[in-house]
Amino acid sequence: MSLETHIARKNLAIHPKERRIILKHADRPDYDASIDCYLRNGGYDQQKKAFSMKPEEICQEVLDAGVRGRGGAGFPAGMKWKFLDRKSGKPIYLICNADESEPGTFKDRQIIHKDPHQLIEGMMISAFAIQAAQAFIYIREEMPYGAKILEEAIEEARAKNLLGDNILGSGYSCDLVVHRGAAAYICGEETGLIESLEGKRAYPRIKPPYFPAALGLYMCPTIVNNVETLCNVKHIIEMGGHAYAEIGKPGNTGTRIWSLSGHVRKPGYYELENGVHTYGDLINEFGGGLRDGRQLQAVIPGGSSAKVWRAGERFKGKLRSGEEFDWAIEDVPLDFDGPMAAGSMSGSGAVVVIDDSVDIVEVLANINAFYAHESCGQCTPCREGSLWMKKITTRMANGGAREEDTALLASIGDQIAGRTICAHGEACAWPTQSFVAKFQDKFLDKAKQDPEQLSKRDFRMV
Amino acid sequence: MATLHIDGKTYEADPSKNLLEAALSAGLDLPYFCWHPALGSVGACRQCAVRQYRDENDKNGQIVMACMVPVTDGARISIADPEATEFRSSVVEWLMTNHPHDCPVCDEGGECHLQDMTVMTGHCSRSFRFKKRTFENQYLGPFLNHEMNRCIQCYRCVRFYNDYAGGHDLGAFASHNHVYFGRHEEGVLESEFSGNLAEVCPTGVFTDKTLKGHYSRKWDMQSAPSICNHCSVGCNTIASSRYGAVRRILNRYHHDINGYFLCDRGRYGYEHGNHPDRPSRPRLRSTKQSGLEPETTEVLAAIGSFLNEARGIAAIGSPRASLESNYALQALAGREAFSIGIAEASSAVLDALVAALREAPGGPASVRDIEHSDAVFVLGEDPSNTAPRIALALRQSVRQVSIKHAAAHRIPRWHDRAVRDLAQGRKGPLHSAWPAQTRLDEISKSAFCESPNAIAKLGFAVAQCIGEDSSSSSSADSPLQKQAKAIAADLLEAEQPLVVTGTALESEAIIDAARAVVSALAKAGKSTVRLAGIAAEANSIGAHLLQGQALESIVAKVMNGECDTLIVAENDLYRRLPHATVDALLDKLSKLIVIDCIPSSLTRHADAFLPAATIAESDGSLINCEGRGQRFFQALSPKENLHATWDWVGRIQVECQRSDTNPWPDLDTILAKMAADCPELAGIREAAPGAGFRIHNQKIPRSPRRFSGRTSILAHESVHEPKPPEDKDAAMSFSMEGSALQPPAALVSHYWSPGWNSAQALNKFQEEVGGPNRGGPPGLRLFPGGQNGRPHGSPSTESAATPDQLLAIPLYQVFGSDELSNHSAAVRERSEPLAFSLSAKTADRLGLADGDSLSLRIGEQKLTATVRLDPVMSENLIGIPVGLSDTPVTYLPLPAQANVCE
Ligand SMILES: Cc1cc2nc3c(=O)[nH]c(=O)nc-3n(C[C@H](O)[C@H](O)[C@H](O)COP(=O)(O)O)c2cc1C
Ligand code: SF4
Ligand code: SF4
Ligand code: SF4
Ligand code: FES
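As given, the protein sequences belong to chains F and H, one line each in that order.
The first sequence begins at 1 in the working numbering and counts up by one.
The second sequence begins at 463 in the working numbering and counts up by one.
Chain F with its partners taken away, still in its complex shape (with noise of 0.2 Å):
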């Protein structure tokens, strides 16, 4: 089969309301991944303009521009980049986290498939900001053709000497390479991925000692960032840092493409400017709303590993700005912080809305199916942990709950959370305990329903 047809299909719909900086060609129907196209649109002249400055002055812009990682946890690039040890004397490592695995999340793969050179020209300047030696994409071993895809693409800007040696003549070498990953979530985990780039098993490393800006890949200053976060590096440049910071809102910068999925009539990816839309806008405008006659039962923010809201809970609090909230889920600033200041995290950007035709049991059991599979099988409580809820979850699911069930649930939970190597531990975790937490009558009474009954119901794992 040819490469065109397993190449993510265009969204010819794209929502006036959308702010589209990162997906801006992405989905024309006249815009292809080839170099010239993108050549046509401006592109290599960020990394043209880059290659004039100061590499710290594109640092200073990126740490300006406040942009946060949009990998999963958040945190700035520009102060990640800071971190960076830039005295050892070893080669400096760029790796761009391409792995996206976590479930609900699709919003690299768009980037990838239809728009690599601006992924290759972020990488560029970003290496060039931190004067990498050589950059890597890790990308996940079940997208082969995005890998075929930014393979090619890499070519084209080799020929054109966008990467490789003496990249426009500046001085300044730096070679780019594709690494097909592990197939497996923890290979996202970055000290994961870095064991694995380094052709051994996945297990994340314990930091302390260790972390990456300092000592990294082959134990060398490292700088794991995520697709997006890399291609917004690009626009960063053409903007300006403090200009790129004006869009959204302090703290929250930028625009961030959100990948929506599950009981809503038109789930797919929005890039939408920070902090000025909600959950609700989200769900109801952009994702037109729930099917005729449901009513909504929930709501992941920020992909399966992200801490679950039940419908009609009321978040209350106070803002770092010191303004009071109370929130629905749907008044949920669409961030980082909003989602966090509700007791869960905006992860990866991915939504997955549930609505009240699916037994929430069924829900967990399914994270939970993930999760136990994914464990890399280091650390005894995520190992062990996540496969025992999995197996009480997967047999509430099919008609076998008993009343000891939930609070056995929730204590295996609060066990694993906090106590592992990695975040995995935590991924695995924060499903269960806020399941169980949030929707603790639906769990309890599961073991009150007719066993004979659920077991007809067709319910398989994932």
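There may be inaccurate statements among the hints.
To give an idea of the interface, some chain F residues facing chain H are shown, with a C-beta separation under 7 Å as derived from the structure [as the list claims (entries may be wrong)]: (1) Tyr218; (2) His373; (3) Gln415.
If you're looking for bench data, these hints aren't it; they were derived computationally from the structure.
Values in this document were obtained by computation on a predicted structure and should not be read as measured data.
C-beta: ideal position from N, C-alpha, C; glycine also.
Since the structure of chain F is already known, use the hints to place chain H with the ligands on it.
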């Protein structure tokens, strides 16, 4: 020292340790799995959680993994904290979700770290109600069982096997809750250290397969401190017995020698004592025809009359026999008519080695010193095959550089994952010089694969470079000089350089060269330089100190009629002299008396034979290659008719009326006599407490307190419980009765402490975790070092072999070259058939390919075997494995010229 507050109490703690080590060293019970005192921390199991507080005002604190947090002055932690306690119990509960609940049929049961930790955390009721995960087990060879269902994924096995011991064929496979530890496919585990997995694995995944063949629970075994007698390292072991036979060997911690690990030859060689053909009754040639088995008294009487009627008596002992046994023979035959049973050439090389050890600055290096060396030059030895535990230590020596590197990044050495990550495979310099490929080549910076003479030359060249401080290379240098300069530079740069040498190539020049390197380094200001020596057998050094005659002179005495009666103990002369020589000797003899614990070619010719007790069945002393005198004790009182050689010789003394009573009725007496006759060996008495030692007037029990079924052992014969045998030789009892207090290290026969039933109870027998044995490591070092006794040697001027001649050199096999362990079925299974090693070039010249058959004539003897190509061997050398049991030729005076037979 730092002050540490644990649950309101104050302790002194070593700031170079982590909180887990500190807590354990303080005698507190804190459960753990993935941490191992020799392997360090990786923070994987999360079992050692405690709560740590920032300061005295911090009321919340946070849960941390004790094994991942360094001790800092004033640190405050709580083990008893309810949340930490609950979490630790959860960890065990998680591990138990998949662990089978069938301890009664598990080989680990009763000495299982998982059982101990489960009880320690208090987890007791199970809420997991699903099927357990199951795996398929693998066949891993004759040493280990594999029961993967018992795995708790602590990763210790792969960390030991691959990271520590350099193995390649054990891995962690798959992920999440299906991580599998095994080989990529069924098959024999390659590493010669695989047996340690039985002790490293905290559960019953890897267990001792030879034990399974005659299984007994730990608590039902009677054990004693023993010494491994399968090479000259002298690793400390625990020999355990039941029903009158040895059941297994366990590591016995010796801080300066074997630490936590043994090699497989040492762990599994014990079964020579269980060999079905083991001669276990006294025999007389004269009654052989009649088929009657003579009484012991009859045989002894016959031996008495042989000796009384003899024209002259000679005695041959053995470097594999104890000091006491050798001494007893010497006392019987007199100094002039006693030999330790090795040929003159070997004796001269051994003499050179002993001189080198006496001279070694600071005394000969211990295994621990070897581990801590940061640049090593191995000169004419193949430790992986001749002294495996030293090879394991050398594998740690190349890691010193990464430990130091980590220290510079303020990463403590116990943080194993961080140290290894940081090292990125970096290794310190190990230079080796050995004619053929070795298993250490993969970690060596350089491997010099030439003839013994060339190796000696390299050694002297290194010494010269150090002396002249001319380590910068010049273009005029020969390849040998270049290599010598590189080696010299590494040794000079090291903080603790080490030279390892030995008798393997039967070359005095090599040993003299090693001495020259050491003294050049010392002169160049490297006062920390150490020398380690490797001898051929367990008691080579000890026997040598008795100053016997060379074997040839005993042969001469017989051949010239001076002696006509020969008594040989624990020595198969066919492995020491050419066959024709031994045949002629036997022809000439009027009477041959043999004492041994294994069947040998010699025993067939004996006029009288006495069965010797094995090391596990006897008491005595050995001197290892470090010059350390060590005592071993009976793990069982052997069947009647089996005695230590020295005991037999004492009885013979009575029979031939040299003495009214046994001149040495017990061990202490013979030790005293030996001390009087050989002042240099006087210190040996201090190697362990004597038989009169008591704790509160009580002996030390050989069996654990929980020993069960003493009355039932013999119930099928009699319901009366027999009185346990008396032990006149040792301060130990053959029962579980006796002092419950911890004995001195030399008398420790099992590791047990309340709550700690597994081997890891060892923590309680050390001054601090991983530190010296309580009361100091046992044994007594005889060579303080610095004694100058031998003139300095120089490279041999012997001309090199002409291009078309072959020089046959001895090669060694960890499984195969040791006579005793060859009689152990499991070790035998691992040994390889005889094959000649040669380079592809030499093979080419001879028109041979890998696997072809080749016949060689060496001196008078002809030998045929298949050809195996060695990728690094130099031209015109041919390696012949020595010591193998399945060959028609058991002795070759190598190195020697070899001629190809048509
Ligand atoms: C279990 C786990 C999986 C992760 N998977 C991804 C991923 O697929 N893609 C990604 O960009 N970041 C992933 N992350 C986050 C990365 O560790 C890292 O924080 C991120 O790549 C940094 O990039 P950013 O600062 O640009 O967000 C994952 C983290 C965890 C704990
Ligand atoms: S938390 Fe899970 S994924 Fe992370 S290191 Fe531990 S076992 Fe592996
Ligand atoms: S086999 Fe044993 S040592 Fe290896 S991981 Fe499993 S329990 Fe640990
Ligand atoms: S190294 Fe030598 S002494 Fe140690 S266990 Fe092995 S054979 Fe025995
Ligand atoms: S012993 Fe500390 S985590 Fe395993």
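Which hints from the list above does the structure break, by number from lowest to highest? none
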